[in-house]
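*Asks:* Protein chains in written order, with numbering that gives the first Met the number 0: chain P, 0 to 265; chain E, 0 to 265; chain G, 0 to 265; chain F, 0 to 265.
In case anyone wonders, no lab produced these hints; they're calculated from the structure. If a hint is listed, it holds; no wrong ones were tucked in.
Identical chains share a label here; the pair holds if one copy fits it or two copies do between them.
List time: in silico SDA-like cross-link candidates among lysine to any residue, alpha-carbon distance up to 25 Å:
id, residue 1, residue 2
1, LYS125, ASN141
2, LYS69, ASP38
3, LYS125, ASP111
4, LYS253, VAL165
5, LYS69, PRO243
6, LYS90, LEU43
7, LYS114, GLU143
8, LYS125, THR13
9, LYS69, MET0
10, LYS250, LEU60
11, LYS250, GLN14
12, LYS125, ASN209
13, LYS69, GLU151
14, LYS253, GLU67
15, LYS69, GLU260
16, LYS69, GLY251
17, LYS125, PRO243
18, LYS253, PRO243
19, LYS69, GLN258
20, LYS114, LEU156
21, LYS125, PHE244
22, LYS40, GLN25
23, LYS90, THR13
24, LYS69, ARG3
25, LYS125, GLY245
26, LYS69, GLU92
27, LYS69, ARG58
28, LYS125, GLU92
29, LYS69, LEU55
Next come the chains, spelled out residue by residue.
Number of protein chains: 4
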Amino acid sequence: MRLRATTEIQLSTTQPSAIIAMLRPQSGSGQWIVSEAYDLKPLLAPVEYTDVFGNLCQRFLMPVGDLEIKVDCVVECADQIATAPGAALTKPEDLPDSVLQFLLPSRYCPSDMLKEEALQAVGDAKPGYDQVEAIRAFIEHNIEYRRGSSNESTSALDTYHERKGVCRDFAHVGIALCRALLIPARMVVGYLHRLQPPMDQHAWFEAFVNGRWYTFDATQTEPRGGRIVIAYGRDAADVAITNPFGPVEVKGMKVVVEQTEGLARS
Amino acid sequence: MRLRATTEIQLSTTQPSAIIAMLRPQSGSGQWIVSEAYDLKPLLAPVEYTDVFGNLCQRFLMPVGDLEIKVDCVVECADQIATAPGAALTKPEDLPDSVLQFLLPSRYCPSDMLKEEALQAVGDAKPGYDQVEAIRAFIEHNIEYRRGSSNESTSALDTYHERKGVCRDFAHVGIALCRALLIPARMVVGYLHRLQPPMDQHAWFEAFVNGRWYTFDATQTEPRGGRIVIAYGRDAADVAITNPFGPVEVKGMKVVVEQTEGLARS
Amino acid sequence: MRLRATTEIQLSTTQPSAIIAMLRPQSGSGQWIVSEAYDLKPLLAPVEYTDVFGNLCQRFLMPVGDLEIKVDCVVECADQIATAPGAALTKPEDLPDSVLQFLLPSRYCPSDMLKEEALQAVGDAKPGYDQVEAIRAFIEHNIEYRRGSSNESTSALDTYHERKGVCRDFAHVGIALCRALLIPARMVVGYLHRLQPPMDQHAWFEAFVNGRWYTFDATQTEPRGGRIVIAYGRDAADVAITNPFGPVEVKGMKVVVEQTEGLARS
Amino acid sequence: MRLRATTEIQLSTTQPSAIIAMLRPQSGSGQWIVSEAYDLKPLLAPVEYTDVFGNLCQRFLMPVGDLEIKVDCVVECADQIATAPGAALTKPEDLPDSVLQFLLPSRYCPSDMLKEEALQAVGDAKPGYDQVEAIRAFIEHNIEYRRGSSNESTSALDTYHERKGVCRDFAHVGIALCRALLIPARMVVGYLHRLQPPMDQHAWFEAFVNGRWYTFDATQTEPRGGRIVIAYGRDAADVAITNPFGPVEVKGMKVVVEQTEGLARS
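Please work from the sequences and hints to get the whole structure.
*Replies:* Okay, here's the thing in structure tokens:
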């Protein structure tokens with residue numbers, strides 16, 4: 000499936016402020032960036048680097064006043080996500096080195112405090128993929144999606160008890176419960192085609208079972224493809240699409256994701 | 000200063016369990032490993048890898064029964080730690096890429112929830128080194144060192160309010176308050192010469208000001224050298240000296256750190 | 000300066016062949032990729048990875064038949080390159096770790112065999128920048144630019160003695176002579192605005208003196224900006240824009256580089 | 000098998016000279032460093048870093064006068080090396096990203112100039128392991144081991160034609176012929192138990208077939224274990240055990256490798 004995704008952000012600041020943005024999806028094994036444009040008005044000179052998770056990060060110093068960021072990409076991605084009912088747990092001793100960090104508790108996913116809850120959520124599901132699916136279904140059925148019900152400090156522990164949240168919170172609960180069962184799990188931010196309006200950037204999670212990462216999204220009733228990954232992290236702390244260091248206000252943000260038949264713009 | 004440090008750990012398990020250990024200090028710009036021995040009884044075949052923070056990690060599968068780990072090192076390290084009263088804050092836009100991750104909140108250092116507390120702790124100290132020193136002194140004077148007062152789930156927020164903890168908790172508070180002021184801070188575990196008995200592994204923190212990392216230790220009244228670094232991380236979640244995945248019990252642990260005049264053992 | 004650069008390549012193969020391409024410039028400290036498109040006809044599913052030099056590499060399996068690759072980018076880059084007459088040699092002990100590999104001899108730059116020649120070329124130029132400029136000028140004045148005068152196996156040693164070559168050979172000689180004097184040097188492939196026709200991809204070199212990399216181009220009489228870097232390497236072996244593993248024939252290649260005033264295409 | 004290996008090197012210099020040493024074997028999937036000592040007399044303060052191949056490198060500035068380096072390690076390693084007659088070639092499209100660089104020609108392994116020779120050497124051996132073994136046997140039977148027959152500039156092309164060399168040259172020919180057939184190959188330096196006297200550091204090569212690296216040593220008539228790996232590289236340029244930048248003279252070098260039954264020295 001070929002998708003075109005656009006994010007426009009209007010920022011304003013009263014002091015020069017450093018900003019780190021993660022707005023450039025990368026080509027990899029699961030998606031191919033056919034074309035891409037990254038505009039800053041006024042024109043700044045960002046510098047790009049790769050963080051420890053492999054994400055492309057853009058750094059720049061925003062001057063006093065307004066800034067408009069417009070990122071536009073055309074991406075070839077999978078129509079459907081892989082599922083693997085019954086697939087086995089990868090034992091800790093068999094995990095790749097690079098995956099081990101996704102077993103550790105993190106700011107929003109204090110998995111060390113949710114062990115009982117994780118056992119309850121999975122019941123007698125078979126260790127591995129089925130446990131993750133049980134966790135996903137548990138969230139879908141027990142946590143209410145409600146805009147504005149959480150804030151920047153809300154952790155998976157909070158959401159688990161308050162039983163409401165948004166996509167980011169759903170992902171945090173999924174990640175924390177997986178890690179509590181020794182299943183590596185990571186946060187994903189990106190775009191989802193035909194996300195229920197209002198369109199926005201989206202968050203979901205991946206779990207590592209049976210030797211690879213699988214996609215899970217507790218905000219959806221069915222497994223769905225049409226996803227563009229922008230960044231991976233331990234939790235939302237690692238994958239803020241813009242991380243300002245100063246009094247930067249977000250004046251507006253608009254996201255559009257649509258299927259396209261065309262070739263790359265040229 | 001040349002130090003010899005030894006850690007002996009006795010473990011026991013009723014099921015084969017994967018273990019990740021971080022028990023091998025590395026030579027670097029601040030210390031030189033003159034000699035080192037790493038014994039496992041019974042003899043296992045560990046595999047070593049480097050994590051995202053650059054730490055050497057040893058992985059192995061512990062069989063049912065007992066395991067003794069004995070790590071012994073002779074290290075040339077600095078007699079005194081560098082201090083820099085008055086040294087300036089490094090602005091976010093001037094931080095090296097690799098340092099940026101140490102601005103983010105983490106499991107035990109929810110810096111996003113301690114902003115007011117950080118401002119209070121530093122008062123009118125000059126931005127930069129003096130703020131970090133003010134934070135260190137605040138902890139030294141306001142938080143009581145009490146063994147057994149905290150556990151594995153205790154965060155800097157908990158310690159800040161309960162006003163008691165151990166070295167790990169002191170470091171967490173220091174890190175969280177620094178990050179709340181946009182000063183990168185990281186956890187260090189290692190050895191400290193003449194640590195007040197009982198000798199154990201120790202934890203402290205480093206803050207990045209004036210273009211480099213400086214060492215701070217809120218458990219000590221004076222800046223002190225004689226430190227061997229074993230591992231760095233965002234917080235204690237990243238630097239467990241042994242991280243078992245299974246019903247592994249720690250039966251005993253003994254740490255010895257002493258000054259030595261000799262050359263490397265040969 | 001804002002440049003638009005386009006590369007179109009027509010390939011043909013009689014057997015399915017793996018190809019590694021390096022055709023995607025990266026944003027970094029010296030350039031910003033405003034927009035970019037990467038088309039393959041027929042549509043393939045490339046996977047992208049980063050090599051040890053930090054270059055983005057695209058891997059795909061080319062099926063039997065024809066393939067057209069069209070890469071198009073708009074890049075904000077420097078109008079002028081930095082020069083630093085008189086700037087000092089960085090002593091080997093002060094070189095950053097990551098730069099040390101560019102002191103070693105490589106396939107096309109056998110610096111170990113050109114020590115005398117390097118000393119001759121620099122004469123009594125001051126160690127550092129002036130030596131590199133002397134090397135560059137030596138090449139400009141002593142080696143004739145002649146298309147077709149070299150081939151894929153031509154090394155800097157060959158070119159030094161035969162006194163003719165193309166941009167790649169000029170760069171190889173520059174790199175080899177620098178390394179022979181313990182000045183780190185690396186190969187650059189990319190685009191140069193207003194390269195003398197016929198327009199093509201271009202190659203030059205960078206040398207590390209006075210704590211940073213400087214650009215040198217022995218094919219030009221004056222230092223010139225308007226450069227887009229595609230890839231860095233030890234020499235041409237590392238930076239082939241397409242590296243086919245099979246009977247792949249290049250049927251055509253066209254490169255266009257032009258200044259543009261517009262914003263990113265959207 | 001448990002081996003103890005010691006290297007003692009005496010150096011002398013008339014000018015302060017930077018030195019990069021690679022004398023510290025690493026624990027990994029194939030070997031475990033039980034204990035290790037690294038002495039410098041006089042005592043210097045080396046800094047350690049990891050190069051692009053993952054090797055530990057020690058940097059220091061040698062003052063005028065004499066320096067003695069003594070490195071001593073006890074290593075648990077495999078008694079026998081794995082062999083896999085008949086194992087298939089890994090096609091270029093299936094190679095891991097990190098292995099691709101070992102297909103490229105390098106300073107001492109100009110594989111681009113040895114294609115015909117490679118085809119001749121393998122005859123009709125089955126693509127994959129058997130080809131590499133044919134190459135190894137070709138070298139064993141056609142190239143004479145003769146101390147002093149080569150020097151620092153001798154490449155695989157030279158050795159192929161001159162038909163004599165030492166272990167380093169044997170490895171270079173093996174690597175170059177493998178790469179010419181699109182089989183990734185890399186240089187290994189290390190220790191071999193019961194190497195025919197005089198004992199010295201040793202060099203051999205690894206080739207990547209059937210999804211993993213296999214060890215080949217054309218200086219030996221039988222596959223033999225008892226190997227300690229110190230460093231990997233594209234060829235000898237990458238893995239010099241000491242790389243001095245200045246007028247450093249090697250006054251003496253002594254290597255001892257012996258089997259040991261004891262535990263780590265403590």
